[in-house]
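Given these sequences and hints, build the entire structure.
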Amino acid sequence: MSNDTTLVLGATGKTGRRILARLRLRGTPVRAASRSSRTRFDWSDPGGWDAALRGVDVAYVVAPRVPGPVHEFVARAEAAGVRRLVLLSGRGSDTWGDSSFGLDMRSAEDAVRGSALEWTVLRPSNFAQNFDEDVFHAALVAGELALPAGTVPEPFIDAEDVADAAAAVLTEPDRHTGRIYELTGPRALTFGEAVELISRTSGRPIAYRQVSPAQYTAALVEEGVGEEDAHHVAEMFVLMERGLLAGTTDDLATVLGRAPRTFEDYVVRAAAAGAWGR
Numbered sequence: 001m002s003n004d005t006t007l008v009l010g011a012t013g014k015t016g017r018r019i020l021a022r023l024r025l026r027g028t029p030v031r032a033a034s035r036s037s038r039t040r041f042d043w044s045d046p047g048g049w050d051a052a053l054r055g056v057d058v059a060y061v062v063a064p065r066v067p068g069p070v071h072e073f074v075a076r077a078e079a080a081g082v083r084r085l086v087l088l089s090g091r092g093s094d095t096w097g098d099s100s101f102g103l104d105m106r107s108a109e110d111a112v113r114g115s116a117l118e119w120t121v122l123r124p125s126n127f128a129q130n131f132d133e134d135v136f137h138a139a140l141v142a143g144e145l146a147l148p149a150g151t152v153p154e155p156f157i158d159a160e161d162v163a164d165a166a167a168a169v170l171t172e173p174d175r176h177t178g179r180i181y182e183l184t185g186p187r188a189l190t191f192g193e194a195v196e197l198i199s200r201t202s203g204r205p206i207a208y209r210q211v212s213p214a215q216y217t218a219a220l221v222e223e224g225v226g227e228e229d230a231h232h233v234a235e236m237f238v239l240m241e242r243g244l245l246a247g248t249t250d251d252l253a254t255v256l257g258r259a260p261r262t263f264e265d266y267v268v269r270a271a272a273a274g275a276w277g278r
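Each residue of the sequence shown is one higher than the last, beginning at 1 in my numbering.
Please note: incorrect hints may appear among the correct ones.
To be verified - For each label pair, taking beta carbons as the anchor points, the in silico distance ranges come out as:
id : residue 1 : residue 2 : range
1  : G68       : G178      : 19 to 27 angstroms
2  : R76       : G27       : 23 to 31 angstroms
3  : L103      : G150      : 21 to 29 angstroms
4  : G27       : E193      : 34 to 42 angstroms
5  : V225      : L103      : 13 to 21 angstroms
6  : N3        : Q215      : 48 to 56 angstroms
7  : V225      : A168      : 33 to 41 angstroms
8  : S2        : A168      : 39 to 47 angstroms
9  : G68       : E193      : 35 to 43 angstroms
10 : G55       : V268      : 40 to 48 angstroms
Quick caveat, the hints were computed from the structure, so don't treat them as lab data. Glycine included, C-beta positions come from ideal geometry on N, C-alpha and C.
Written out as structure tokens, the structure reads:
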């Protein structure tokens, strides 16, 4: 059997489903894999990995929530004849230092970059779509978003841009092997500024309030989030407040030959779709 298939893990997720649509439009042979896809893939069940990897040339990998499994996955991929891996990681992961945030992504990078396979790593900033697809959506609809983020801005990136970049990297191997791309939007905004834009564009009164990491963790736990997961999310904001990830890069333009979409463009599209109510 020849290896000519592109495997997309996390196929129902924020980037995975967008990448699938792009690859299918290009006519690329593609296999969607997730816990709910026809090809089932679960990081906690290695028994199904070999079937997902059969006949695969290149795989798009989204790190699991715990460190470790990607090392075994890479070994299985090598044995299956996979040639390339494209990993979705996190912005500036090699600057996170002693932070407890992102140990899963750093472990996945170690596995991929230390392998004998060709590889590319995509490190995007926080997705603009966190405001309408999950994470912050319910709070915005309720009228107030409270987070442990202050005046340090974030260069939010549109998930559509990440999917465009991933599709390009997956289908243009000669240009991107051994590269790490730090993907950002064209400018950085504070969370307060982002919420103000959402409020103005949606026509709804929505406020932003800064809280402490401890308060945020407690609020997440009260909402039913596990204490460990809540602490992990709060640690992301502690890391962001260091200011090391606030700048923008030209890496998206390097991959795609165009500027990234603006946050305003995202807000207009989401508001027109009724993301925060009409």
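Among the hints numbered above, which are violated by the structure, and what are their numbers in rising order?
-> The structure breaks only hint 8.
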